[in-house]
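Each chain, letter by letter, is given below.
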Amino acid sequence: MIGVGKAKQYANVLDKPLSRGRQEVSLSAFAFLFSELVQYNQTQVDNIAELERRLEDAGYAVGARVLELLCHREKGNRRETRLLGILSFIHSTVWKVLFGKVADSLEKGTEHEDEYMISEKELLVNRFISVPKDMGAFNCGAFVAGIVKGVLDNAGFPAVVTAHFVPIEGQQRPRTTILIKFAEEVKQVCIV
Amino acid sequence: MPPLTPPKSGDALFASVDRVNAELFTLTYGAIVRQLLTDLEEVEEVNKQLDQMGYNIGTRLVDEFLAKSNVSRCVDFKETADVIAKLGFKMFLGVTATVTKWDAEGTSCSFVLEDNPLVDFVELPDTCQGLQYCNVLSGVIRGALEMVSMKTEVTWVRDMLRGDDAYEMRVKLIKQVPEEYPYKDDD
Numbered sequence: 091m092i093g094v095g096k097a098k099q100y101a102n103v104l105d106k107p108l109s110r111g112r113q114e115v116s117l118s119a120f121a122f123l124f125s126e127l128v129q130y131n132q133t134q135v136d137n138i139a140e141l142e143r144r145l146e147d148a149g150y151a152v153g154a155r156v157l158e159l160l161c162h163r164e165k166g167n168r169r170e171t172r173l174l175g176i177l178s179f180i181h182s183t184v185w186k187v188l189f190g191k192v193a194d195s196l197e198k199g200t201e202h203e204d205e206y207m208i209s210e211k212e213l214l215v216n217r218f219i220s221v222p223k224d225m226g227a228f229n230c231g232a233f234v235a236g237i238v239k240g241v242l243d244n245a246g247f248p249a250v251v252t253a254h255f256v257p258i259e260g261q262q263r264p265r266t267t268i269l270i271k272f273a274e275e276v277k278q279v280c281i282v
Numbered sequence: 072m073p074p075l076t077p078p079k080s081g082d083a084l085f086a087s088v089d090r091v092n093a094e095l096f097t098l099t100y101g102a103i104v105r106q107l108l109t110d111l112e113e114v115e116e117v118n119k120q121l122d123q124m125g126y127n128i129g130t131r132l133v134d135e136f137l138a139k140s141n142v143s144r145c146v147d148f149k150e151t152a153d154v155i156a157k158l159g160f161k162m163f164l165g166v167t168a169t170v171t172k173w174d175a176e177g178t179s180c181s182f183v184l185e186d187n188p189l190v191d192f193v194e195l196p197d198t199c200q201g202l203q204y205c206n207v208l209s210g211v212i213r214g215a216l217e218m219v220s221m222k223t224e225v226t227w228v229r230d231m232l233r234g235d236d237a238y239e240m241r242v243k244l245i246k247q248v249p250e251e252y253p254y255k256d257d258d
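From first to last, the protein sequence lines stand for chains A and B.
Sequential numbering from 91 applies to the first sequence in this note's numbering.
Sequential numbering from 72 applies to the second sequence in this note's numbering.
Treat the hints as calculated values from the structure; they're not laboratory data.
Taking beta-carbon pairs under 7 angstroms as the criterion, some of the chain A residues facing chain B (in silico):
no.	residue
1	S116
2	L117
3	A119
4	F120
5	F122
6	E126
7	A151
Covered stretches of chain A (in silico footprint by chain B; criterion: 3 or more residues with CB under 8 angstroms from a CB of chain B, positions within the stretch not fixed):
no.	stretch
8	136-149
9	153-161
10	182-193
All C-beta atoms in this analysis are idealised placements derived from N, C-alpha and C, irrespective of residue type, glycine included.
Throw the hints in and build the complete structure from the sequences for me.
Here it is in structure tokens:
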């Protein structure tokens, strides 16, 4: 019979069944795509701060969608209402789904009440990136910082998120730390 | 002569490379397209930019492909198309394409993709109906083939985001460019 075995056509993309999330592509495909993203943005800006902001914006969009996807698929549409809850969601679930492993560590900042840090020895997105000396402290991890910001903002915990290189004794490549500074309203509402 | 390692099958090749979650890839591509649409505003400009990005990727991707897949030199365009569909797509995107609709001279064929990780969760709004969302793929193929001395033209025939039942791109071989040496032998 003609037509048997053809994939069912859905009128609306929202009607399609959600995949299990097991499909994979090669790391190099992602790395090539990410490098094109960075290269394109380099042509659109004049300075490093702008470049980091644009990468963060791109990551923000990814983060917002990742939150919705994971809340629906992994947590049965239950939403996190506590600060530590959302932080550990990012540190374990989000990291595991996006990068294949949980983040190396989640720490509370010692200097300020509202600061938290997620650290990673080598961010996946930075694996094939080398930053020339004249770009100073530029970190493509701004993309990942954007993802975290997207997740937090859309979960109701507005924050300022940035990525930093932290040199470590005895290691050639510095560690990357994602610094999360929560906004005023979060501090007042959430009792941690 | 040292023993030549035989070329691997598509699945073995995919299993031997490092992999990441396809959703990260899909969402990153979506972010790129969104940025382009905001910056460039014209759908045609976005299509061209996506193709250019794909071309840049393709020129470097082909090196990695040849290094990791151990394929021998392809005898003709038919073999090239088969290798791209079975091994190339599999190695990078984890899906295989089928090669169909060969023309009489054997210089033009179609790659048909049922499954495309770039377009998960995507719907084209009415304002962007002219957008070739997967144009980066046509750039990749064009760039990769140009690095192995084949000038090609790639166009999209069917697009699931526009309501068709599969993704089909038509690849036409324009000419084979013989390798040019940058210096004369007798200098």
